[in-house]
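Asker: Residue-level listing of the chains:
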Amino acid sequence: MNNVNGSVVGSSSGSGDGSAPRRNSKRPKYSRFTQQELPACKPILTPKWVISVFTLIGVVFVPIGIASLMASNDVVEIVDRYDNVCVPPNMTNDKVAYIQNNETDKSCRRTLEVPKHMSQPIYVYYQLDNFYQNHRRYVKSRNDAQLRKHSQENETSGCDPEKRTKDGAPIVPCGLIAWSLFNDTYIFAIGNKNLTVNKKGISWKSDRDHKFGKDVLPKNFQSGPLIGGGKLDDTKPLSEQEDLIVWMRTAALPTFRKLYGRIEQDLNAGDVITVTLENNYNTYSFSGKKKLVLSTSSWLGGKNDFLGIAYLAVGGLCFFLAVAFTIVYLVKPRKLGDPSYLSWNRNPAGH
Amino acid sequence: MADGERTAFVDLLRPIADPPVRPDLISLSASATAAASAAVDPPHGSRAEADRLGASLKELADADARIVFVGDPGRTDPRLALPGNAVRTAKYSFLTFIPRNLFEQFRRLAYVYFLAIAVLNQLPQLAVFGRGASVLPLAFVLLVTAVKDAYEDLRRHRSDRVENGRAAAVLDPAGSGQFRPHRWKDLRVGEVIKVLADESIPCDMVLLATSDPTGVAYVQTINLDGESNLKTRYAKQETMSRLPSITAGSVTTLIRCETPNRNIYGFHANLEVDGKRVSLGASNIILRGCELKNTAWAIGVAVYTGNETKVMLNSSGATSKRSRLETHMNRETLLLSAILITLCSAVSICNGIWLAIHRDELELSQYFRKRDYSGGDEKYYNYYGIAMQVFFIFLMAVIVFQIMIPISLYISMELVRLGQAYFMIRDKNLYDESSNSRFQCRALNINEDLGQIRYVFSDKTGTLTENKMVFQCATIRGIDYSEGKDPSPNGSDVYYVVVGDQFWRPKMLVKTDPKLVRLLRSEGETQEGKHARDFFLALAACNTIVPLIVGTPDPKQKLIDYQGESPDEQALVYAAAAYGYVLIERTSGHIVIDVLGDRQRFNVLGLHEFDSIVTGREYLDIIRATETNLHAYSSMGLRTLVVGMRELSRNDFEEWHSDYEKASTALYGRGNSLRAVASRVENNLQILGASGIEDKLQQGVPEAIESLRQAGIRVWVLTGDKQETAISIGYSCKLLTSEMTHIVINSNSEASCRKSLEDAIAISSKFVAISSRAQNTITGTGSVRVPLALIIDGTSLVHILETELEEKLFKIATVCDVVLCCRVAPLQKAGIVALIKKRTEDMTLAIGDGANDVSMIQMADVGIGISGQEGRQAVMASDFAMGQFRFLVPLLLVHGHWNYQRIAYMILYNFYRNAVFVFIMFWYVLYTAYTLTTAITEWSSVLYSVLYTALPTVVVGILDKDLSRRTLLKYPKLYGTGQREERYNLKLFILTMMDAIWQSLVVFFIPYLAYRDTTVDGSSLGDLWTLAVVTLVNIHLAMDVFRWNWITHLSIWGSIAVAVMCVILIDSIWSLPGYWAIYHIMKTGLFWLCLLGIFAAGMIPRFTMKALTEYFMPNDIQISRELEKFGNFNYFTGTEISMSTFSETHPGFIR
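For the protein sequence lines, the chains are P and X, in the order given. For any residue, its number in the numbering used here is found by taking its place in the first sequence, counting from 1, and adding 117. For the second sequence, counting from 1, position 307 maps to 304 in the numbering used here; every step adds exactly one.
Note that these hints are calculated values from the structure, not bench results. Keep in mind it's a predicted model, so treat the numbers as computed, not measured. Warning: the hint list may mix true and false statements.
[Unchecked claim] Using 35 Å as the maximum straight-line C-alpha spacing, the simulated DSBU-like pairs for lysine-lysine come out as follows:
id: 1; chain 1: P; residue 1: Lys449; chain 2: X; residue 2: Lys553
id: 2; chain 1: X; residue 1: Lys553; chain 2: X; residue 2: Lys508
id: 3; chain 1: P; residue 1: Lys449; chain 2: X; residue 2: Lys970
Looking at chain X on its own, in the form it has when it is part of the complex (with noise of 0.2 Å):
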């Protein structure tokens, strides 16, 4: 244990058990000149977190533990069937690609209408349509998508053969030594495998020996959670010792582990080496899609593969949410399906009254001839009796309204939200210049949701803040030291390590005040000297930062980069280091700090995780100027951190260490028998003193916070924070103004958290009284009404959720302007979001960055991840994620916004487009006996709802957009629209099938009555409706168009035409009875004044409608467009062009 350098030895402790997250702060014990620090912040509540984590995993019992012998894969469990290292994302194989494809896609219930609806018309009696006509579209669409899922999965058959062909070293089990090259997707478990450097790992696997001796190896995980930082993972010292002869196969090795799960931050296993048993946690794995660093070479023995790696049980998909606005739709289709049904069997009941009064004339009237005489016994021919017809007819009613019920909008809106997040991907200010981030969207069905959001939970660290800690200053035995000036980067203040010629310094300088490094240099040995000396070494050495050597331009000057799992980490090192207490080298075993240029080494003996409860031994006023400070520095948001320290005697040493040895290795409750250790250890510590870090707030935070209130969107900041932080942080990104009436609940037990519910219930009702008083006197803009700041920590949230105390937190949350809850647990987070979902009909959105977001995130209507710092776990459980908090305000506002206005207005006009062609055939239906002939070729009632109409309302429902960008940044109060639904709603549905019958009943009778009493046939009269009906609904469409650009133009007159080719394409089949008719018509006159006459009747109430509306009852967004188009601002006569930069065009939005 002693060392070289030094008499005296450091024995420093380093983490075991599976940090389930991470170590935030690792709190240390020492003898000697060590410390011990504690931790009084504990950033996001990662212990509970933690807890979670840790009791879903069962500790592990031998019967279901899997047993790996070490280079003998042939005995390795044989119990078990364990797959290869294979692995296989393709979906689909030859044979099974065309049921199981079929299976997938008939999952819709769409396609499950469609099909039912082709069934049908196959039967003889109900041949309706041609074969052709009545199967193509599905058979299309069937063969669209399965082409996409055949290529889709083609390439990731591809993938996976060049994945499972890689090559990987694997030692030959006949014991000659020799590592030879396999295929990955031959290795098995218990097989000892090579990994060198830079190359990927093929399968999880317990590392035995790297090329350091210390047995470190160091990990990218970025593959597998997004972080790009390196990890260090340890091989334990018995396997790395006994290496040549477990090669060799001479001695049984043999690793009990759990069986495979999903927790990529957990492992536990032991291994079992000549009968020693020696204990497995996290760091001594290492998982496939991570690659070895920074080191030479590792040996490590497979233990999971193929589908049964971490990574592999990490991949599912995304989460499948359905947007507000098509649960919505869905009441409305049910609606249409009424109207369907009332017209099949209006339909079919005339026609058995039809047949019932002209029974006696069936036998004879030439258009009806009842029966057959070719087979000479007369039967009937295709008539059942009056009740089978009118059955029939039901059924054929059913085929030929069946767009009534619009299944084209389904694959429509699809595109259009794949055509919406294509723009939202692309659009340049929602791109994160630091992180190199573009907008991403996960989740492709809720879109629209985005523009109805009425609560934002978000996260603090990381979400508002960049979670890029920076020490800021510290007290040290209660003497404050918070005068640091910024340093510049070639100043003299900088510190900088002498290594032979070269010159070393750490890659972010730290700001230092002057008179604690003056202090820290001062030869003589006061006290205050050494408790400062004392604080900057726990500082540098009670962490897991890995130093990392960088070159730069200058060959003399090196860059330490400090590398660590946590940031508050990071930020105290590089604090130290700026004090002159440089960490440059770290291995399992050891560490080495360069104190003040003279080079110490330290043993790293045993490292707790970092825990709350710490009690110390202190005088009164050193404890209370350390508290004073302390307060001081959280007020100022800073996040604070105790640091203490303990000497231990020989024999408390040797009794910690042989508890913490027997913990450490212990298989059952090994999480709590080191907490207990480590209580036993982490007492009457002496304080050295406290760190304030700061931690900056992102960048438009507090403009984005005000732009979302004045949106109507409620921001509430749920936080692990303590109080006083969280407070400042609050005001400091203007979430709390200084006019707002804070109600604070802080209790610990249930009676008392009843009794404050209740203050505050009634304290919000006198405010809320006051102000509708006030609102009679004061004008102006701005809330009139004293807000309301509502702080609520976690220990009262425990006994509040879940609970019948919540109805009584909702009443006060929902009255309050402001929530702010600190110190919350993951659970509580998503508890306080179902809180709100349960209880009310508004949208929420959760947006959070880490680990302990997840749950939120998932719990609310909308999550959105911030891919920060802090690994990918967020983003991945997201249905959007994006790089900063402030991009919420473009993706809400003016996405959120055009996204929600497109699809109400896009299921609207799809409804009405397939009303009104049901209707006129539906008219016809009535001419015709109720038989249920359409004029209307059958292949433009096919193509109608596919080509002569879609793609106006897919161009439509991707690009107009009803006001530009600035317009809705400026005014967010236009986001209430969304919010209060105004664009889709059971109103305007309805008046918008009203506007159908009406169009519908112009486009027929004008027609019918002209044709009246004339030669006109069936042919020639349908071609003039489809005509009409296309051209009208287009019309229709291009009166509601808010933007024209040239592809608006294209796509509504294209359509037109393609709709004028296709009937005259139709018409040049001679076989179809409808031959030439087109021609014939287009050369009269009253075809052309029908035509004319069928668009101004049909329009003229919409018409009226619209100019009546907009001009006597303009809404907000009328007015917006008005003042975008005639505004004689400033602000308006800029190009669009000019308009786009978000940061440009509000100035607020410059820091």
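Looking at chain P on its own, in the form it has when it is part of the complex (with noise of 0.2 Å):
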């Protein structure tokens, strides 16, 4: 609108540029372009089109269906629940009052079969159901300034309502999620032998590498008045601190797994293994779940069928349609480009 508004007046007040030669043509040039006509491909949903298109989505998807389904099948998975079964019976009534008590002696112990031959290496996953990690007020509640760089300790902004201790001091990690950091541990054995649990490169390299500090060390931390999970080691940096790290990438859906290690050899299948564990991690005041999870992978990750089945299903779902289009197309065809079918042409009476 400013625009023509511009021009009108410029051409009425303006220095008599609307006289100036007449000579000059305003003759658009030609150009593919400018007359809309740049070569151009038109596709058309042909019945041979449409036919080919679902059947090569059919067999494109049903392949890998399959593929899954079996990479899916190979996976051994046990899982465990353990969070009710490992507060002593006279405190079942009152599991919060069990999980605060400093006093007394968290340690539980478990026993697992392992279904199938588990080849190495072995993943060990904790799972918390109905933990909602991507809480509003969780998710915000951290500092990535202060994680990676010492210098940087007093930026807590973002971090309530785990800022600072009651004397001002910064917290080192400050924030919620740091604050909650999930603190029960396993011992694996088998008979008498020890599993070794490797907890080395847990996390992820770019998170050590740069996302926290090397010569950043937890202060404050898990010193006020509410314990909202695990301690931290004074003396180790964050970029160490790999069990944090770890649990710091949270989670998207409330439900979900954190690794806590891997067990580097393969287990047999009748193998039973002897879990004793610190359940030390307060899950009671919101009802959450406890799981333990050791889970080989296959190079789809984990044990879940339903990619399998969604490639099965729509691949099927293909296959149907393009028989349901060449029988629908064979019985009733229609001649493409045909004038005939033009709505003038089909009534004359027309409009």
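Mind docking these for me? Both chains are given alone in their own frames, and the hints should help you get the complex.
Answerer: See below:
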């Protein structure tokens, strides 16, 4: 609008450019672009195309679906929920009191049987249910600058309500996420022989190298009146506190697993694993579940049949559609580009 | 009064009253040998226009008059604070720029919405996005617009400065009589200014004197109204003769003039010199913006300066209309708002329920932690009770889901319309060679309306016809002379005037009837010859034409170019010249006519405006013979004009002359008293004869009308011409055909109007009944029922419009195939457009070229101005302007169709695109305890509609074509798509929204289910969702693109690439939680399988539906697309390029 306005004014009060040479033609220069005639491809959904597209999708999807299902099948997974069973029977009425009491012995022993041969590496996960690591209050409560550099330790903005101690000293690492660090521990043994759990390299290398500083030491951590979770070794820089690094990659969904470590030896079918665990973490206050998971992995990740089924379903549907369209095209053919199908040719009365 | 060359004296009357639009023809009275002519055929109802303008111009009263002391600006009206001559077209100054520009920008509702959301986001409780991410897009848009505005304003400032700094010669007020250069901006009302030839006129000024001894000055008004011919302006003899004393300041001269107004064709004032009053009219004032031509110098006094000049008062902006599609779009936007509010309410209520259920857990659960212990008082942290929590969540939800209302759509629509306008302007099929004019888009926001037109209201003269009048034949005293032969430029029959050793010949050649030529040159004083000579003398003398002598390559030969405001007058003067009555000189006081080699000089004593009420005194047989010829002419489509004369005795003359002087200097009711004087002298006329002037049909008009008709567009012709002429033009442009049944309504009372309307309804219903029966038996293409044509005249319309009869007229008019309104006044034209516009949803288009079409152009949904012979008023009022009527066909059928299709698709697509994104976020929110966490990074959600998916929709909106130009022109019926609103309606909207929900479900739940119970983190999953949705909506667009050229490819695949790069870039910033997430997830097979699965599952329903409808329920567009691709006609084998020229591909359009 401004444009139009401007040009009107310009030509009426301008210095006679309107009367200027009429000789030069305003004829638009021809170009394929300005005449909207750029060479172009005009795809049309002919029966051939439709059937080929559906067939192609079917052909691609069904094998992928089968492969996915097979991969998922190959994965051996042991899941053990222990939050309820690890509470002494006399405390089941007030689990929260039990878990909050620092005096009681939290250790608990579980036995797991290996159903199938599990080849290494075997991943050890803990799984939390109903823990909203994606809750808005929670997910924002961190400060990445503080985590990265020692010089930024006073940088606690966004860390509410776990920012500073009562006397105003900054908490490192600050924020609810770090504060709620998971702190159950697991010791595995087969018979008398302990299984070593490798806890090195469970976090992302990018996090260790760039996100968590090598010179940042925990300070004033977990010193408030309410204990959220684990404590940190004050002598180890954050970049080496891999459990924290794993924990601070907040999960997308309220049910999630986090890597605890790797067992780097094969387990045989029928092996009985004894797990001695420290049941420290409070999920009782929000009725969350805790599970221990041992799992091998495939090219597709863990045990999950969904993708395989979904691919088979989509592939199958496409095959069905390909067949259905073929039949319908044969039963009710139509000549493409037949002018007699134009509406005014079909009912000559017209509008 | 007597002159040297001839004993008889001729008195002609020249225009006094401001000729409001133009005196289409001038009737005149004369004594001795002069003739009086009376036009019978009023071209385009200019009289009514004159009345309308005249009425709006109040007669001059002293109270509101401006008094100007000539040469003494100091004394000029101290009551008024008169502005200097500085003009200011710039909108802003340095200081006011920021507030004013922001104010202007925030007048758009969309920006206010943007701002409100951004402000909400600044509240600490609601901070969903970071400060940057929430304000940046708005700031960016504001900044870009502000920079654009600032640049435009800077240019205006610069041109203002140049304009204000120009020099003008101003009379030294000290009385030295010298002219000194002043800058334009320093000019003041009352100053005397001298303008030289070819200089621009610095302000509106009343002429005092010119280099011409008779006081004539010629001006070119092309900058003012676009008319390139020269206009004559006059300085009054009273001031001419006293110029030295005026400039010396010894005589007090003052001018009383009306207050500044926009009417560039009117001026009311009077001049007082030495106590003597002289009247001033529009012919005495020269306006800013004009240029002085063919006059060595002119001296005038400034009366209006600066922003009060007529040109500045007229420089208002373009009209702003809103397109139909946009109106519909607003309806759907409301629906979307409802969906938005529903989503927000759902989230906030769920959140409230969740909080209530988990009330006891909030204290201790690690992810909520209700209290802040650091202060020692254990106060709540960011928790205000459930009710407040619900309220905050609602507002936060509005912020998070804001893009449900696609704000970016408004900006992309403007871009798309700009692009469409670019292509319409550049289309060489819309370029008019003869006037060297391109298509003009004056309104930028109704491009798509061009694709939905159902009614076209067309002017006749200058729109259907060229408005280039050519004299065809004459009847003199009842004898018809119409055996003219086309002259050859060098033929012996071309008449030359010999001036010294030079030959002068008229620029335009007219065919002459040899019988008449012989009669004129015969020596004998026959009665017949005398009449013929009088006839041509009247034609040559009674007009306002200015002859200009133009050189040719041959130094001996000169051309006489007749310049004038009326094409009819030009034609008549050329005709007289061809018969040997050559007008060769005109000054304000006299004219010189070369009568067959004999140079004669006539004094012009006065001039009456054309008026069709003239009485005659004549023998019945001559009247009858003339009338028969007139009917014959007008049924050939010629414009007719009867010429008469009256000899005045000296007494009669003296009486008329004093009356005339009195009337023409009257201050009050000047127009009326002049009319009274004219009617007293213009009676008892003796008929000399009548002329027939052809107004040629424009090229391609019949074919264009046929195409429009096939496209289902009703063409109504509204003309000021008389009925016979209108009907004959109707036949020649194929509007009327011989098989049509005509219903004619010519009534002059309300009762008779009612009766004829009722009869007409009866007839039409009978025909409709017959045709509905006939439908079963007759097959074939074309219309089956008996076509009806309604012909109605302006007099009947007076009784019908704005009464209860309107309803009846509407009923009958919509049944008829063709409606022809003749002798309609300009306001009636608008009334007829309103008749349709008020009662139907159908889109109307008005096309015209003259000032009399302005009201109709403004009334219609789409107004088109023809930039032709009649000045630029219609163009200035129009939304689009072009050179020829036939361009309407490519404009509507091709560009209109494309624009409609593109914008319609674009709106739906934008709704869909943003809805998918919002729904994905909504599904996620359900898994975050309803707290509005977004897995997708805030930057991605800001960039989604601005960067990731914006360009392809704009490109497709500008470039995609469902059908080629050639097909659209071959099958005009394809235009019906737009008329029936097939591309944008509620059903399509709902379908699209359902598709959006399905796709969002697929995008969300496939990764959700695949990544359930895994270690996946929020950022990685967010990246997956981002890439999935961006790619999916781009694939969706890709599936709907009709034509893939390299730009489309680049924009669609480029957008996906840009999105991937942005996601990678965002994940490379260490301070964001998602650092390196994309690199990790892209390494896994699951990620790629999820993406692939999403694309397939998301697209299957749409693809299947598309395949089904296109094959089994094909619409016309689909069939035609197939025809284009597979049709085996020769027609389609040519390449795109050879199809381009309208006139080539359509043999019918070659004349």
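Asker: All hints, please: hold or fail.
Answerer: Hint check:
Taking the CA atoms of P:Lys449 and X:Lys553, the gap is about 81 Å. The hint is violated against a cut of 35 Å. A hinted pair counts as satisfied when its Cα atoms are at most 35 Å apart, and X:Lys553 with X:Lys508 qualifies at roughly 24 Å. Annotation: proposed proximity of P:Lys449 to X:Lys970 holds, straight-line Cα distance about 27 Å (limit 35 Å).
In the structure shown, a violation is registered for the earlier hint numbered 1 alone.
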